[in-house]
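There are 2 protein chains.
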Amino acid sequence: MKRNIKIKGIGTYLPKRLIKAEEIDQLLSTKSGWSKRKSGVKERYFVRDETASYMGAEAAKKAVQDAGLTLTDIDCLISGSGTIEQAIPCNAALLQEQLGLQYSGIPAFDINSTCLSFVTALDMISYAIVCGRYKNVLIISSEISSIGLNWDQDESSILFGDGAVAVVLSKSTDGSGIICSHMETYSAGAHLSEIRGGGTKIHPREYNEQTKDDFLFDMDGRAIFKLSFKLLPRFIETLFSTTNLTMEDIDMVIPHQASASAMKIIRKKLGVEESRFMNIIENYGNMIAASIPMALFEAIQQGRVKRGDKVLLLGTSAGLSIGGIVLEY
Amino acid sequence: MKRNIKIKGIGTYLPKRLIKAEEIDQLLSTKSGWSKRKSGVKERYFVRDETASYMGAEAAKKAVQDAGLTLTDIDCLISGSGTIEQAIPCNAALLQEQLGLQYSGIPAFDINSTCLSFVTALDMISYAIVCGRYKNVLIISSEISSIGLNWDQDESSILFGDGAVAVVLSKSTDGSGIICSHMETYSAGAHLSEIRGGGTKIHPREYNEQTKDDFLFDMDGRAIFKLSFKLLPRFIETLFSTTNLTMEDIDMVIPHQASASAMKIIRKKLGVEESRFMNIIENYGNMIAASIPMALFEAIQQGRVKRGDKVLLLGTSAGLSIGGIVLEY
Numbered sequence: 001m002k003r004n005i006k007i008k009g010i011g012t013y014l015p016k017r018l019i020k021a022e023e024i025d026q027l028l029s030t031k032s033g034w035s036k037r038k039s040g041v042k043e044r045y046f047v048r049d050e051t052a053s054y055m056g057a058e059a060a061k062k063a064v065q066d067a068g069l070t071l072t073d074i075d076c077l078i079s080g081s082g083t084i085e086q087a088i089p090c091n092a093a094l095l096q097e098q099l100g101l102q103y104s105g106i107p108a109f110d111i112n113s114t115c116l117s118f119v120t121a122l123d124m125i126s127y128a129i130v131c132g133r134y135k136n137v138l139i140i141s142s143e144i145s146s147i148g149l150n151w152d153q154d155e156s157s158i159l160f161g162d163g164a165v166a167v168v169l170s171k172s173t174d175g176s177g178i179i180c181s182h183m184e185t186y187s188a189g190a191h192l193s194e195i196r197g198g199g200t201k202i203h204p205r206e207y208n209e210q211t212k213d214d215f216l217f218d219m220d221g222r223a224i225f226k227l228s229f230k231l232l233p234r235f236i237e238t239l240f241s242t243t244n245l246t247m248e249d250i251d252m253v254i255p256h257q258a259s260a261s262a263m264k265i266i267r268k269k270l271g272v273e274e275s276r277f278m279n280i281i282e283n284y285g286n287m288i289a290a291s292i293p294m295a296l297f298e299a300i301q302q303g304r305v306k307r308g309d310k311v312l313l314l315g316t317s318a319g320l321s322i323g324g325i326v327l328e329y
Numbered sequence: 001m002k003r004n005i006k007i008k009g010i011g012t013y014l015p016k017r018l019i020k021a022e023e024i025d026q027l028l029s030t031k032s033g034w035s036k037r038k039s040g041v042k043e044r045y046f047v048r049d050e051t052a053s054y055m056g057a058e059a060a061k062k063a064v065q066d067a068g069l070t071l072t073d074i075d076c077l078i079s080g081s082g083t084i085e086q087a088i089p090c091n092a093a094l095l096q097e098q099l100g101l102q103y104s105g106i107p108a109f110d111i112n113s114t115c116l117s118f119v120t121a122l123d124m125i126s127y128a129i130v131c132g133r134y135k136n137v138l139i140i141s142s143e144i145s146s147i148g149l150n151w152d153q154d155e156s157s158i159l160f161g162d163g164a165v166a167v168v169l170s171k172s173t174d175g176s177g178i179i180c181s182h183m184e185t186y187s188a189g190a191h192l193s194e195i196r197g198g199g200t201k202i203h204p205r206e207y208n209e210q211t212k213d214d215f216l217f218d219m220d221g222r223a224i225f226k227l228s229f230k231l232l233p234r235f236i237e238t239l240f241s242t243t244n245l246t247m248e249d250i251d252m253v254i255p256h257q258a259s260a261s262a263m264k265i266i267r268k269k270l271g272v273e274e275s276r277f278m279n280i281i282e283n284y285g286n287m288i289a290a291s292i293p294m295a296l297f298e299a300i301q302q303g304r305v306k307r308g309d310k311v312l313l314l315g316t317s318a319g320l321s322i323g324g325i326v327l328e329y
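For the record, the sequence lines run as chains A and B. The first sequence begins at 1 in UniProt numbering and counts up one residue at a time. The second sequence begins at 1 in UniProt numbering and counts up one residue at a time.
A portion of the hints provided could be inaccurate.
[As the list claims (entries may be wrong)] Residues from chain A that keep clear of chain B, each with C-beta distances beyond 10 Å, as calculated:
no.	residue
1	S32
2	E184
3	R196
4	N283
5	R304
[Said to hold, decoys possible] Keeping only pairs whose Cα atoms sit at most 20 Å apart, straight-line, the calculated EDC-like set for lysine to aspartate or glutamate is:
no.	chain 1	residue 1	chain 2	residue 2
6	A	K212	B	E274
7	B	K212	A	D214
8	B	K264	B	D174
9	B	K201	A	D73
10	B	K201	A	E206
11	B	K226	B	E155
12	A	K212	B	E155
13	A	K201	B	D49
14	B	K201	A	E22
15	A	K201	B	D174
16	A	K36	A	D49
17	B	K201	A	E23
18	A	K201	B	E155
19	B	K38	B	E58
20	B	K268	A	E23
21	A	K212	B	D251
22	B	K20	B	D220
23	B	K310	B	E282
24	A	K201	B	E22
25	A	K61	A	E43
26	A	K36	A	E23
27	B	K306	B	D174
28	A	K201	B	D214
29	B	K306	B	E248
30	B	K212	A	E22
31	B	K310	B	D249
32	B	K212	A	E209
33	B	K36	B	D49
Treat the hints as calculated values from the structure; they're not laboratory data. Heads up, the beta-carbon is just placed ideally off N, CA and C, and yes, glycines get one too.
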């Protein structure tokens with residue numbers, strides 16, 4: 001049954017430092033052009049002095065304005081990010097503080113499924129909205145990947161960018177809604193992309209020259225792709241199974257911007273032409289959970305997604321998880 | 001409107017090391033009896049070699065058995081913990097792996113509102129269950145606080161314990177359900193209890209003799225209590241406002257085991273006698289998000305909560321948040 005919710009507004013924040021592929025080449029002491037050719041990322045943004053909560057709050061203010069609302073209309077605030085700003089408290093509390101809502105009482109909590117955090121937050125909170133619990137929910141995905149990159153690991157370090165996207169979700173009365181959604185997790189891939197340290201297993205006090213890589217992002221892209229690619233066809237089948245939809249009915253696929261090469265193969269596997277497949281990795285890199293809403297934002301800005309369009313949000317994440325939502329925008 | 005869900009099963013895991021108050025006194029070089037007198041905690045458990053995912057999986061197996069189900073009946077797995085095992089991926093993926101469900105596809109994600117994570121997870125996922133999305137959801141709260149304690153800060157280090165609790169949540173047909181629930185966050189208190197480091201703001205690479213306290217738990221208990229105490233009466237009023245209930249109708253209050261002294265004052269403020277107020281802090285300490293489900297487990301085990309009873313889960317968390325659920329058990 002369709003869940004009558006609507007992305008009423010959307011806003012973004014891009015960090016101050018624009019990093020061109022040439023700069024990455026220099027950082028890695030490789031030939032100019034190498035990182036662009038390998039990753040497909042021409043430029044991305046890295047934070048200078050911004051915190052994740054600062055970026056998220058800036059994006060949120062724009063989303064609220066875009067929705068034609070004010071911050072006082074918001075009655076729930078969710079962080080849908082794969083990274084944390086500090087160990088305690090949760091991101092959402094820090095975002096609320098940054099928004100100047102310290103005394104508002106607006107409930108604030110985090111939903112985390114790494115790169116799928118935005119999708120999972122949207123999926124889960126939609127039930128609370130249709131049941132009448134919350135009226136206007138802010139979901140904020142604000143990611144700083146640059147601090148955790150391992151510059152000795154080319155494969156991942158050439159790929160990621162920072163930034164924030166926020167949406168306001170409300171009940172809809174005009175047909176907008178979630179038509180179907182689905183998520184699967186295969187922890188057989190739990191260690192294919194990870195940061196092993198920083199939690200209770202390897203505490204920061206254990207940081208030293210020998211352990212330092214445990215505190216940086218570590219990814220086996222080929223293995224992730226192999227597992228995802230194998231799981232994808234049946235996942236799509238299951239996602240659509242409660243509907244009469246096929247991929248032909250989807251006006252725009254908004255994929256996680258995992259990597260340029262993976263996206264190319266996935267698009268072909270889905271049987272979707274380039275015009276129906278948002279690819280923004282060239283200008284943003286992989287922004288963890290902010291990637292999917294950033295691609296949605298770009299699609300809306302460019303007029304490639306309009307109200308009433310059927311949009312497929314689709315991605316994989318560390319875990320390894322696959323998630324998808326068919327949204328009538 | 002009542003949400004027809006039911007805690008079908010519950011299970012716990014207690015770490016291998018039982019730590020008596022005398023041991024804490026020695027650690028802090030204080031007189032024997034001091035930490036017990038100050039905190040009200042006689043004993044608590046600390047992990048020896050256990051990971052959070054190991055503890056959580058052990059608790060989950062017992063919860064599933066208690067529900068009369070098998071792991072293959074579970075169709076969603078949520079980590080409701082305030083601590084993380086590693087930075088990436090989320091706890092829930094690691095729990096799924098530890099449960100041997102690597103190839104199951106069971107969707108796994110985290111909900112985090114620090115000490116209220118269990119309550120928020122229960123509250124939010126209940127909507128998805130009543131809407132038919134998931135049938136049998138595992139919520140696992142597994143916490144290792146001991147690794148993050150600052151032994152130079154008596155106030156918090158004498159208070160905390162480790163451990164895990166899991167529940168199986170299903171749709172109910174027998175009257176069990178959530179009668180009402182409510183949450184409020186006041187980030188004016190965001191820095192009253194925190195671990196500043198470990199995320200993107202202060203990366204573990206910045207760990208050194210000068211910064212080390214940033215990676216340990218830091219709490220101003222008096223300020224937290226003051227703020228919580230001020231907010232409590234109106235919170236309870238709002239929580240009950242959609243019902244005809246008063247505190248007199250509650251068979252058992254299951255509070256977060258924040259601290260012995262705070263609980264005593266809160267109990268009196270609520271106007272609830274000792275027999276209707278679960279206090280287990282003496283034997284477990286404050287187990288972060290595992291505290292409330294552990295107190296519920298004890299109440300069930302001791303025959304103090306029976307099917308059909310009205311139970312109030314109530315707590316505060318870093319953030320600062322207040323959350324409550326009235327559950328017909």
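Here is how each hint holds up against the structure:
no. : hint            : in the structure
1   : S32             : holds (29 Å)
2   : E184            : violated (4 Å)
3   : R196            : violated (5 Å)
4   : N283            : holds (22 Å)
5   : R304            : holds (29 Å)
6   : A:K212 - B:E274 : violated (50 Å)
7   : B:K212 - A:D214 : holds (18 Å)
8   : B:K264 - B:D174 : violated (34 Å)
9   : B:K201 - A:D73  : violated (29 Å)
10  : B:K201 - A:E206 : holds (18 Å)
11  : B:K226 - B:E155 : holds (16 Å)
12  : A:K212 - B:E155 : violated (32 Å)
13  : A:K201 - B:D49  : holds (10 Å)
14  : B:K201 - A:E22  : violated (27 Å)
15  : A:K201 - B:D174 : violated (41 Å)
16  : A:K36 - A:D49   : violated (26 Å)
17  : B:K201 - A:E23  : violated (24 Å)
18  : A:K201 - B:E155 : violated (24 Å)
19  : B:K38 - B:E58   : violated (32 Å)
20  : B:K268 - A:E23  : violated (63 Å)
21  : A:K212 - B:D251 : violated (52 Å)
22  : B:K20 - B:D220  : violated (24 Å)
23  : B:K310 - B:E282 : violated (24 Å)
24  : A:K201 - B:E22  : violated (27 Å)
25  : A:K61 - A:E43   : violated (25 Å)
26  : A:K36 - A:E23   : holds (10 Å)
27  : B:K306 - B:D174 : holds (14 Å)
28  : A:K201 - B:D214 : holds (18 Å)
29  : B:K306 - B:E248 : holds (17 Å)
30  : B:K212 - A:E22  : violated (37 Å)
31  : B:K310 - B:D249 : holds (7 Å)
32  : B:K212 - A:E209 : holds (17 Å)
33  : B:K36 - B:D49   : violated (26 Å)
Hints 2, 3, 6, 8, 9, 12, 14, 15, 16, 17, 18, 19, 20, 21, 22, 23, 24, 25, 30 and 33 from the list above are not met by this structure, while the remaining hints are.
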